[in-house]
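Undergrad: Given next are the chains, with one letter for each unit.
Number of protein chains: 2
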Amino acid sequence: MSWSIAQVARMSGVTARTLRHYDDIGLLKPDHVGLNGYRYYEEPQLLRLQQILVLRELGMALADIASAIDSEPDMVSALRRQYARLVVERDRLARVAETVARTITELEGRPPMAVRINRPENLFEGFDSSQYDDEARERWPEEFERSRQVLATMSEQDMERWQREATAAMIRMAEFMAAGVPVDDPAVQDEVHQHWQGICTWWTPNRTAYTCLGRMYVDDERFKANYDKIAEGLAEYQAEAMAAYAEARLSD
Amino acid sequence: MSWSIAQVARMSGVTARTLRHYDDIGLLKPDHVGLNGYRYYEEPQLLRLQQILVLRELGMALADIASAIDSEPDMVSALRRQYARLVVERDRLARVAETVARTITELEGRPPMAVRINRPENLFEGFDSSQYDDEARERWPEEFERSRQVLATMSEQDMERWQREATAAMIRMAEFMAAGVPVDDPAVQDEVHQHWQGICTWWTPNRTAYTCLGRMYVDDERFKANYDKIAEGLAEYQAEAMAAYAEARLSD
DNA sequence: GTTGACCTTGACGTAACGGAAGCTTCTACC
DNA sequence: GGTAGAAGCTTCCGTTACGTCAAGGTCAAC
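Read top to bottom, the protein sequences are chains A and B.
For what it's worth, the numbering used here labels the leading residue of the first sequence as 1, then goes sequentially.
For what it's worth, the numbering used here labels the leading residue of the second sequence as 1001, then goes sequentially.
Everything labelled a hint here was simulated from the structure, so no lab data went into it.
Glycine included, each C-beta is placed from N, C-alpha and C at the ideal position.
Heads up, some of the hints might be wrong.
Said to hold, decoys possible - Listed next, the in silico SDA-like pairs over lysine to any residue satisfying Cα-Cα at most 25 Å (straight line):
#1 B/K1029 <-> B/R1092
#2 A/K224 <-> A/D190
#3 A/K29 <-> A/S2
#4 B/K1229 <-> A/H32
#5 A/K229 <-> B/A1168
#6 B/K1229 <-> A/G126
#7 B/K1224 <-> B/D1128
#8 B/K1224 <-> A/S129
#9 A/K229 <-> A/F127
#10 B/K1229 <-> A/Y132
#11 A/K229 <-> B/V1088
#12 A/K224 <-> A/Y132
#13 B/K1229 <-> A/R161
#14 A/K229 <-> B/T1167
#15 B/K1229 <-> B/T1153
#16 B/K1229 <-> A/E121
#17 B/K1029 <-> B/V1088
#18 B/K1229 <-> A/S2
#19 B/K1229 <-> A/L123
#20 B/K1229 <-> B/V1088
#21 B/K1224 <-> B/G1180
#22 B/K1229 <-> A/K29
#23 A/K229 <-> B/P1073
#24 B/K1229 <-> A/N122
#25 A/K229 <-> B/R1161
#26 A/K29 <-> A/L46
#27 A/K229 <-> A/R80
#28 B/K1229 <-> A/S129
#29 A/K229 <-> B/K1029
#30 A/K229 <-> B/A1094
#31 A/K229 <-> B/R1092
#32 A/K229 <-> B/D1128
#33 B/K1229 <-> A/R80
#34 B/K1229 <-> A/K224
#35 B/K1229 <-> A/V33
#36 A/K229 <-> B/M1011
As the list claims (entries may be wrong) - Now the stretches of chain B that chain A is said to cover, found in silico as 3 or more residues with beta-carbon under 8 Å:
#37 1015-1028
#38 1057-1067
#39 1199-1213
#40 1235-1244
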């Protein structure tokens, strides 16, 4: 069974151009080339492509990917090097971001009552959602069922990763708020978009519903308390950002 | 007073090529160009260059820098946008790095007794160094004096930033250790180099001295206790990394 | 036979310069 | 005043990982 370049592209999610590029640089050669010049790929190439895409996702340069895959025993060392690079770059960005934040408050002149941000690693640690089960089942029976099914498929570790990521997203929002980033900034709206997609796992809210959801984060004391654990006023900021998102990208 | 391109380059720390590039794209035009085609810069250009370099340091694209400087009232908005971009990218790298770390442990097969890493924002908060003053003065009188002078010039905020950065550096080291990054990896050695430069503020250790300093972090309970607050075994890893650095880059 | 989808190579563009070639000009010294 | 060496100039290629045409050949279906 041979696949053409476009078929491989569809299957793997990259473009045909990318596959040609990988051919050009010798990273992924087709199994064979027809007399007409067409590239044909077989299963081994697909497997190799999978590995390539994983490493690319991790931010590795194509040349490094090639040497990492071709000298298999060295894969772990390559990943370790890559990990170290990522950590260094992550902290560099953190430093630069803090400098920018300081510069902003200095330029602003007025000391804007510096919002204090808490940064737990997992805001939901030990959080017992079952205490709200009855209420949730009553208010949103269908969505409750859907979410129960989704949660059932998640391992303990998946769950914790998800909680950590949700915590990190809330902290990011708080940072946007503290820096005075307007809620319609692309970065904020991207963040809200992630949130919306998360919600969509069990429910696809329209414009009104999503706006109301945001308001609930402010009005329901239990939600608001959680947001306030990260930073004061965060629930309001989140609600505003959600309203802007709903206005701009959702329909009635 | 006019400055030639090389003079400006030396004064500002960029290359002449960079200045020509900025001229080409219209970011920084010389004050005037001689009949011989030479570029001559005046003070206003130097000030503009300073602003450019600050914003460039903050990771802003040259095109964005141009519009930010040329429309001064929008400077803060530009910085806010930039801040949001930085925060998003920082967290993306953090996620990718965690994925890489997980992949490493999975590939390794053996569960390597997962080192637990604590991540305080400031390990030295409320740390009272004066309790060690007497001992330090006795053991290293000259260095003690030098450090006292340096510390005297630092504001409270400088001090806290420095402590936070030192904490972040220790956490990075712990992450390297946990991922099994060898101590002679460039990223680790870069980290040690920063540490060495920090030490050099009041004392320039040679190969032996720096190695001994590393050993002291392990042998002196008080130092070791601090490292252990971040992760178990960190003092040992730090000492090994310092020994490797001394071996490779310091002379007797 | 034609249409439209799919394939090819080749070339240019991206961001922010680094580096080199080939030539002109300045500055200092003898 | 001649010459060496430093410094300046323009122009072009290379870097990363492709996106985006453009011009043309091939294939499958009707």
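Undergrad: Confirm or reject each hint.
TA: Structure-based check of each hint:
Proposed proximity of B/K1029 and B/R1092 is contradicted: the alpha carbons are some 37 Å apart, above 25 Å. At roughly 22 Å between alpha-carbon atoms, A/K224 and A/D190 fall within 25 Å of each other, so this suggested pair holds. For the suggested pair A/K29 and A/S2, the alpha carbons sit about 14 Å apart, so the restraint of at most 25 Å is met. Restraint check for B/K1229 and A/H32: not satisfied, since their Cα atoms lie roughly 57 Å apart, outside the 25 Å limit.
Pair hint A/K229 plus B/A1168 holds up; C-alpha atoms about 23 Å apart against a cutoff of 25 Å. For the given pair, B/K1229 sits about 23 Å from A/G126 by alpha-carbon distance, which is consistent with the 25 Å threshold. Pair hint B/K1224 plus B/D1128 holds up; C-alpha atoms about 17 Å apart against a cutoff of 25 Å. Taken as a hint, the B/K1224 and A/S129 pair is broken in the structure, with Cα atoms around 40 Å apart against an allowance of 25 Å.
With a C-alpha separation of about 14 Å, the suggested pairing of A/K229 with A/F127 holds against the 25 Å cut-off. For the hint linking B/K1229 to A/Y132, the alpha-carbon distance of about 37 Å lies beyond 25 Å, and the restraint is violated. For the given pair, A/K229 sits about 21 Å from B/V1088 by alpha-carbon distance, which is consistent with the 25 Å threshold. A C-alpha spacing of about 15 Å is found between A/K224 and A/Y132, which places the hinted pair at or below 25 Å, so the restraint holds.
A distance of roughly 24 Å separates the Cα atoms of B/K1229 and A/R161; the hinted pair therefore holds under the 25 Å criterion. In summary, the hint linking A/K229 to B/T1167 is supported, as the alpha carbons are separated by about 24 Å, within the 25 Å threshold. With a C-alpha separation of about 29 Å, the suggested pair B/K1229 and B/T1153 falls outside the 25 Å cut-off, and the hint is violated. For a cut-off of 25 Å, the pair hint linking B/K1229 to A/E121 stands: about 17 Å separates their Cα positions.
Using a Cα cut-off of 25 Å, the hinted pair B/K1029 and B/V1088 is violated, with the two alpha carbons roughly 34 Å apart. A C-alpha spacing of about 57 Å is found between B/K1229 and A/S2, which places the hinted pair above 25 Å, so the restraint is violated. At most 25 Å may separate the alpha-carbon atoms for a hinted pair to count; B/K1229 and A/L123 meet this at roughly 22 Å. A hinted pair counts as satisfied when its Cα atoms are at most 25 Å apart, and B/K1229 with B/V1088 does not qualify at roughly 29 Å.
Annotation: proposed proximity of B/K1224 to B/G1180 holds, straight-line Cα distance about 20 Å (limit 25 Å). A distance of roughly 50 Å separates the Cα atoms of B/K1229 and A/K29; the hinted pair therefore is violated under the 25 Å criterion. Of the pairs offered as hints, the one joining A/K229 and B/P1073 is violated, with about 34 Å between alpha carbons and a cut-off of 25 Å exceeded. Distance check on the hinted pair: B/K1229 and A/N122 sit about 19 Å apart at the alpha-carbon level, within 25 Å; holds.
Of the pairs offered as hints, the one joining A/K229 and B/R1161 holds, with about 24 Å between alpha carbons and a cut-off of 25 Å not exceeded. Between A/K29 and A/L46 the alpha-carbon distance is near 11 Å, which keeps this suggested pair within the 25 Å criterion. Simply put, A/K229 and A/R80 have alpha-carbon atoms about 35 Å apart, too far for the 25 Å limit, and the pair is violated. Proposed proximity of B/K1229 and A/S129 is contradicted: the alpha carbons are some 32 Å apart, above 25 Å.
At most 25 Å may separate the alpha-carbon atoms for a hinted pair to count; A/K229 and B/K1029 exceed this at roughly 50 Å. With a CA separation close to 22 Å, the supplied pair A/K229 and B/A1094 stays within the 25 Å bound. This hinted pair checks out: A/K229 and B/R1092 have alpha carbons roughly 23 Å apart, not beyond 25 Å. Between the alpha carbons of A/K229 and B/D1128 the distance comes to roughly 29 Å, so the proposed pair goes past 25 Å and is violated.
Using a Cα cut-off of 25 Å, the hinted pair B/K1229 and A/R80 holds, with the two alpha carbons roughly 24 Å apart. For the given pair, B/K1229 sits about 33 Å from A/K224 by alpha-carbon distance, which is inconsistent with the 25 Å threshold. Between B/K1229 and A/V33 the CA atoms are separated by roughly 59 Å; this puts the pair beyond 25 Å, and the hint is violated. Pair hint A/K229 plus B/M1011 does not hold up; C-alpha atoms about 48 Å apart against a cutoff of 25 Å.
Only when three residues or more bring their CB closer than 8 Å to a CB of chain A does the claim for the stretch 1015-1028 of chain B stand; here the count is 0, and the claim is violated. Coverage of the stretch 1057-1067 of chain B by chain A holds. Counting CB-CB distances below 8 Å, 3 residues qualify, and the rule asks for three or more. Three residues within the 8 Å Cβ limit are the bar, and the stretch 1199-1213 of chain B against chain A gives 0, so the coverage statement is violated. Here the stretch 1235-1244 of chain B counts 0 residues with a CB under 8 Å from a CB of chain A, which misses the bar of 3, and the coverage is violated.
Taken one by one, the earlier hints fail for this structure at numbers 1, 4, 8, 10, 15, 17, 18, 20, 22, 23, 27, 28, 29, 32, 34, 35, 36, 37, 39 and 40, listed in ascending order.
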